[in-house]
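Chains A and B supply the protein sequences, listed in that same order.
For the first sequence, the numbering used here assigns the number 103 to the initial residue and increments by one for each residue that follows.
For the second sequence, the numbering used here assigns the number 7 to the initial residue and increments by one for each residue that follows.
Among these hints, one or two may not hold up.
Which stretches of chain B does chain A cover? Using the computed rule of at least three CB atoms under 8 Å from a CB of chain A, they are [as the list claims (entries may be wrong)]: (1) 100-111; (2) 350-364; (3) 398-408.
So these bits of chain A aren't anywhere near chain B, every CB distance computed over 10 Å [stated by the list, open to error]: (4) 326; (5) 377; (6) 496.
Don't read these hints as lab results, they were simulated from the structure.
Computed from a prediction, not measured in an experiment: that's the story for all the values here.
Beta carbons are placed, not taken as given, at the ideal position from N, Cα and C, and that holds for glycine.
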Amino acid sequence: MKKLSFGFLLFLLSIAVGCGSDSSASGTAGAGGSAGSGGDGGAGGAAGMAGAGGEGGVGGMAGVGGMGGSGGTSGPPALLSEWGLFKSIPDQIPEDGLIPYEVTAALFTDDAAKFRFVQVPDGEQIVYSDTERWLNPAGTIYVKTFAYPVDATQPELGYQLIETRLLVFGEDKVDTWTYVYPEGSNDDAERVNFGPVLDVSWVNALGETILLDYEVPSVPQCKECHSVAGRSLGPSTGMFNRDNDYGDGIGVLNQIDYMNSLGMFDAEPLPVDERTTYVSAPAVDTEAGLHDRVRSYFDSNCAHCHAPAPYGEIADKGLYLDYQSMDPGTGTSFFTWGVCKPHTSGGNGVDCEQSLDVVPGDPDASFLLCRMESVAAGERMAPVGRTIVHAEGVELIREWIQELPNLFEGVTPGCPQQ
Amino acid sequence: MKVKVLICAVLASTLAITGCSDSSSSTGGGGTAGSGGTAGSGGMGGTPVPKGCGDVPDVSGYIVPNAPATATDDCTITLNPTGTNDNAQIIDALVDNDLTNGTLCLGVGTWDMAGTIGITDDPGLTIKGIGASPDDVILEYADEDGNCRGSKGINVGVDNVTIENLWVKNTCENSVEQRDTDGSVFRKVRVSWDDRCDRPSPPASCDASCATTEDCADERLVCDTTFTGQTEGTCIGNMTLNGAYGIYPTDCQNTLVEYSQVQGASDAGIYVGKCTGGSVENNIVYANVAGLEVENCVGVDASNNEAFDNVGGLFALQQDISGDMQSNTDVRLFDNETYCNNHPNFAKPGSAVAGIPVGTGLLSFAGNGVEIFGNQITDNQTLGIGMASNLLNCQVASSDCPPYTDGYDPYVKQNYIHDNVFTNNGTDPLGDFGTLFKILGFGSVGRPNVPNIVWDGYLENPTDVGLCLGEDADAAATVLVIGDICQDPINPSFEEYITCAQDNASTDQTPFLCVP
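Just need the whole structure built from these sequences, with the hints factored in.
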């Protein structure tokens, strides 16, 4: 089972700190309330749609939370329930207007199961593109709950919910909030800003008990990557173009067709077969082409930083692993894929001593692969959301590096500076 | 013009350095010539004897001289350390309050830091310690076992943030980082990593005898034979595990790093990369792999800094990192002291700094329009100033260079190096270059020291000017120039390079006397 490292101490501490800093805020940083109100507007919209909060959304939050005075000043709700996003949090049943979705190529985050949802405010639309990441109107909320089966060999035991992350688009910014479920309860989650490390245990499908130091990202950590106003990192046509089972009365539909039927896009998507589509579950789908799998895998696991501007604001070292940059048909530079590319600052840790990102035909000489195989903080890639090795992903990239000289004319084994 | 230069040369070791920046401004540092005024404040130029290995100070405390006092009466919010999970209260304060242009004050004591402090929402924010010096407000990222937690220490992502008067200790990765922002100030920031053997719960085999690192049986330790080349040694803390960079502004504009003190970085103590404008001044960097680096910047000054006991002291670097900032241009390194940088190289193997020759005073690598003047360069055993192209880098490794990205220039160009004071450098050069210098007759017992400036001499075009020493032969530095003829691929291996150097190296400074 899961337990908070700091247990109730943390819980109490965060409440106490919350109150303390709120009181100091009210005295000094009066502007805080108005700055935060962009996000609250979105919340109000959510509540309105759900019919839960109505006009007094913010006030209602304070009441529901039972947080006394702390709810009324500024900032987002203390409890997830106060957002009014779910009919049932434990069962992850969304309110009307909060649309569930699945992705083709999921980001690996320590094998966590995820429940994903998106809500666009009434009267607003996502700026749709077949190849670019979507542009989200103010008030759009993406919701992702991270969970583990209690025991994957006994599905009837259900999930233990770990955290629910909210990505809230404002007029010129993105807010990120993380709600952590207390040990042993899926009923509601409390906002935690600082990113605690949780002891998580679960039983996987092989019956193995897995113990994790589960790292919840801090609010600032979320914003290191979720920094481009209006842009989402994952949501894109390639990521969404797949079927989903919407349940009673709706059934199985293509997600983009369904979202389009709800009026969520500003433009008519291409016919389903003509859309950019990532390989589903690329790490394990051996039916798909090797490079297509790699493009899809890299896009979801690396391209939130390793992409050209405006997306790759963080890792601007010239290693571009997004789906478009890895299109072999359009002016490709193997160098920006890391082929024979020296890394300039290779992180910390001592597991990886290779000097080149990707050496065609020689996976073990490739720094990129080593960092995927590392779990050392400061060395592992991706740095956030992963504390264990994604074995299938490593295997895929290993095969790709091995096969690169056979996949592309112009790539020869080895590198000149080896 | 000639008179002015001559005066500069005569008074080079005193305050005339300021005057020199006038004449230098015509080379291309013109945009930033206004900072000549700062140079004047370097009263330390008046010190008659340059600092050397006998002057390495006791660095148990914060020792940066003349640091300005930090105001303590302008706090928007003041927090105090609890000793447990203090990063949470700092992040809560940042997230739950609008601190735009506000000041978050951190009280005296040791802050228990289990994770990174990110600044993502509050432009104009100041975070500062309110003690008498940085030593009074310690952000301790190591846990009770001495192991680091989190990733970076402080990560700045918005404009006009100031970090001041605090001590960041034992971070896993970079201690203070700034990306893609304008106008940050890092003032009186102390950064250090404790030796593994001096931390709580040290490994059992600290100081045990060893022949190899395996004998130390603990990944936090390394057998010092790795550095000494001896067959018997002792197990010491593995500094390679320290964070890469101390203070790391990158993709920045107008960043100021001043009165800071950085020790123990496994890459660079202070690094300024891909930045436009800004300056690094009055800092002390020691026991890092690279003391201070200015890489792929435009119009950045590094002045009045003190670098000692690093593998190499000061660096102006132009690396092929693709992207927009491919040049290190209009960069000035002046009025610094770089001495006794002879620390064994503890960089991570495979990293760019792993190849820095131990005993390097100052290195200019592939830059265009770098001006180096008024520095005191002393007791660096391999060389005082090195100038190298990226091509030489490949040659030393006896490998082909990678294809360079469009827009990258691997050659040294327009380096103006004048009015520096060199003392006792190149006495016993180490590494591959040490071998070369000794073969060429320098740095062995009974032989002269390695000349003040060593340059590979590689030119892209025969008419290019790589090095300018000023006009006055008497004041100009001594040089050792290997020669364009030895350029790869004519001599593709380092062995062939050495042979070529024997035939072609020159100590004639005449070709480089010039009016910039």
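Verification of the supplied hints:
Counting residues of the region 100-111 of chain B whose beta-carbon sits less than 8 Å from any beta-carbon of chain A gives 8, enough to reach three: the coverage restraint holds. Coverage of a stretch by a chain is defined here by at least three residues with a beta carbon nearer than 8 Å to that chain's beta carbons; for the region 350-364 of chain B and chain A the count is 5, and the condition holds. Under the rule that three or more residues need a Cβ within less than 8 Å of chain A, the assignment of the region 398-408 of chain B holds, with 6 such residues. For residue 326/A, the condition that its CB be more than 10 Å from all CB atoms of chain B is violated, with the nearest at approximately 7 Å.
Against the 10 Å criterion, residue 377/A stays outside the reach of chain B, whose nearest CB is about 31 Å from its own CB. No beta-carbon of chain B comes within 10 Å of the beta-carbon of residue 496/A; the shortest separation is about 19 Å.
Against the hints set out earlier in the document, a violation occurs for number 4 only.
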